[in-house]
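**Student:** Sequence:
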Amino acid sequence: MPAENLPQARVAVIGGGPAGLMAAEVLSQGGVAVDLYDAMPSVGRKFLLAGKGGMNITHSEPSADFLQRYGARSGQVAPWLERFDAQAVRDWIHGLGVDTFVGTSGRVFPTDMKAAPLLRAWLHRLREAGVQLHMRHRWLGWNGAALRFATPEGELELTADAVILALGGGSWARLGSDGAWVPLLQERAVAVAPLVPSNCGFDTGWSEHFSSRHAGAPLTTVAITAPDAQGRLHKRQGQFVITATGVEGSLIYALSADLREQIAASGSATIWLDLVPDFSAERVLEDVARPRGSRSMSSHLQSRLGIKGVKSGLLRECLSADEFADPARLAAALKMLPVTLKRARPIDEAISSAGGVRFDALDGHAMLSALPGVFAAGEMVDWEAPTGGYLLTACFASGRAAGHGALAWLAQRPLTRT
1 MPAENLPQAR
11 VAVIGGGPAG
21 LMAAEVLSQG
31 GVAVDLYDAM
41 PSVGRKFLLA
51 GKGGMNITHS
61 EPSADFLQRY
71 GARSGQVAPW
81 LERFDAQAVR
91 DWIHGLGVDT
101 FVGTSGRVFP
111 TDMKAAPLLR
121 AWLHRLREAG
131 VQLHMRHRWL
141 GWNGAALRFA
151 TPEGELELTA
161 DAVILALGGG
171 SWARLGSDGA
181 WVPLLQERAV
191 AVAPLVPSNC
201 GFDTGWSEHF
211 SSRHAGAPLT
221 TVAITAPDAQ
231 GRLHKRQGQF
241 VITATGVEGS
251 LIYALSADLR
261 EQIAASGSAT
271 IWLDLVPDFS
281 AERVLEDVAR
291 PRGSRSMSSH
301 LQSRLGIKGV
311 KSGLLRECLS
321 ADEFADPARL
331 AAALKMLPVT
341 LKRARPIDEA
351 ISSAGGVRFD
361 ALDGHAMLSA
371 LPGVFAAGEM
381 VDWEAPTGGY
391 LLTACFASGR
401 AAGHGALAWL
411 AQRPLTRT
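Residue 145 in the UniProt record's numbering is what sits at position 145 of the sequence shown, and the numbering runs on without skipping anything.
Heads up, some of the hints might be wrong.
BS3-like mimics (lysine-lysine), calculated; alpha carbons at most 30 Å apart, straight line [said to hold, decoys possible]:
1. Lys335 <-> Lys308
2. Lys235 <-> Lys342
3. Lys335 <-> Lys235
4. Lys308 <-> Lys342
5. Lys235 <-> Lys308
6. Lys52 <-> Lys114
Restraint-style ranges between C-beta atoms, simulated for each label pair [said to hold, decoys possible]:
7. Ser266 <-> Ala72: 12 to 22 Å
8. Ser42 <-> Ala146: 21 to 31 Å
9. Arg413 <-> Gly75: 26 to 36 Å
10. Arg120 <-> Met336: 43 to 53 Å
11. Ser303 <-> Ser74: 41 to 51 Å
12. Ala281 <-> Met135: 54 to 64 Å
13. Ala129 <-> Thr104: 34 to 44 Å
14. Gly75 <-> Arg295: 48 to 58 Å
15. Arg292 <-> Lys235: 38 to 48 Å
16. Glu82 <-> Ser296: 52 to 62 Å
17. Arg232 <-> Ala332: 16 to 26 Å
Quick caveat, the hints were computed from the structure, so don't treat them as lab data.
Just so you know, these numbers come straight off a predicted model, no measurement behind them.
Built from N, CA and C at the ideal position, the CB exists for glycine as well.
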């Protein structure tokens with residue numbers, strides 16, 4: 001189709017999260033008519049929830065470090081970020097009239113820390129560009145070449161010249177990311193890796209005694225040593241929370257991909273906690289071994305090293321009575337306390353998911369090789385990233401890649417409306 005005839009084209013974007021909205025923006029800027037369909041009553045529901053505690057939009061770290069956050073999929077994600085990187089995200093937000101700032105951790109936030117004003121400005125831009133939003137339209141797959149939707153008025157069938165699927169992963173089903181699209185694509189010979197939890201908590205099997213006393217307790221000064229996918233040990237400091245069944249929180253989420261894979265391969269994973277990361281092993285041994293007179297060991301640890309509350313509970317939970325009574329073994333445990341993780345928490349509790357449409361099922365323009373004219377974007381593609389703005393940036397960037405891919409595909413062929 002000659003490029004000057006693009007305004008005659010009509011594209012269906014299915015999914016109203018960040019990737020779908022960004023694809024719709026690119027398409028509308030390219031001059032095509034865009035209909036966006038979403039199963040929920042309004043768009044951007046997971047986006048809004050993610051912004052409740054402060055909308056972390058991207059990260060300011062150097063590009064090479066940023067790209068490594070995508071782990072084994074860094075090579076596949078790189079082309080997206082080459083066209084729309086963290087700075088481009090900030091520039092785009094500023095273009096919506098929303099200012100940003102860099103926090104002390106390097107994370108980037110809107111000045112007011114809120115997602116809702118950003119989403120409102122974005123939707124206003126999309127509507128001004130002619131994007132039509134169709135809510136409560138749940139995609140059911142195809143009937144021949146026609147797209148099927150369940151709507152409040154009954155089932156609807158329609159055709160489009162191209163389709164962009166941006167249906168999310170498998171976490172937070174109540175917000176629309178339920179993975180119901182997986183069998184619909186598999187029926188059409190699209191290779192899909194199983195959806196699994198990412199940025200998730202893990203079960204440990206705490207005793208009832210420990211769980212009842214410490215569930216919900218934060219560990220704010222702690223470090224974790226854990227193996228990566230190659231078995232190499234890495235140490236990272238941060239924060240996490242004890243739950244009734246195990247552990248969760250930012251430090252755990254940052255390690256979750258490797259821990260999940262280790263559990264899948266071996267049945268469990270071990271992490272080692274440094275409960276006193278500000279003290280050297282020599283200093284800890286010296287303090288533990290110091291004469292304590294009539295004081296109990298627990299009182300001694302609190303006095304010398306500030307070990308109390310949940311940290312004291314962890315020592316009792318993870319060490320035998322003999323280990324706790326031996327100064328050398330106790331000191332070693334304070335720096336390297338082993339905790340065994342048995343399983344990841346269910347995917348619907350996870351912040352995000354891994355798995356999805358395999359990259360080898362896509363061409364270089366985000367189009368499904370098995371379904372010409374159908375493109376995929378966002379979390380439904382098989383990549384993952386830690387929290388910190390990396391997830392959102394790649395969703396934006398992949399949506400733009402799919403939008404540009406659809407425009408290029410449309411420009412090369414006659415209208416078929418399939």
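**Student:** Now tell me if each hint is right for this structure.
**Tutor:** How the hints compare with the structure:
| no. | hint | verdict |
| --- | --- | --- |
| 1 | Lys335 <-> Lys308 | holds (15 Å) |
| 2 | Lys235 <-> Lys342 | holds (20 Å) |
| 3 | Lys335 <-> Lys235 | holds (11 Å) |
| 4 | Lys308 <-> Lys342 | holds (26 Å) |
| 5 | Lys235 <-> Lys308 | holds (23 Å) |
| 6 | Lys52 <-> Lys114 | holds (7 Å) |
| 7 | Ser266 <-> Ala72: 12 to 22 Å | holds (18 Å) |
| 8 | Ser42 <-> Ala146: 21 to 31 Å | holds (26 Å) |
| 9 | Arg413 <-> Gly75: 26 to 36 Å | holds (29 Å) |
| 10 | Arg120 <-> Met336: 43 to 53 Å | holds (49 Å) |
| 11 | Ser303 <-> Ser74: 41 to 51 Å | holds (47 Å) |
| 12 | Ala281 <-> Met135: 54 to 64 Å | holds (58 Å) |
| 13 | Ala129 <-> Thr104: 34 to 44 Å | holds (37 Å) |
| 14 | Gly75 <-> Arg295: 48 to 58 Å | holds (57 Å) |
| 15 | Arg292 <-> Lys235: 38 to 48 Å | violated (29 Å) |
| 16 | Glu82 <-> Ser296: 52 to 62 Å | holds (60 Å) |
| 17 | Arg232 <-> Ala332: 16 to 26 Å | holds (21 Å) |
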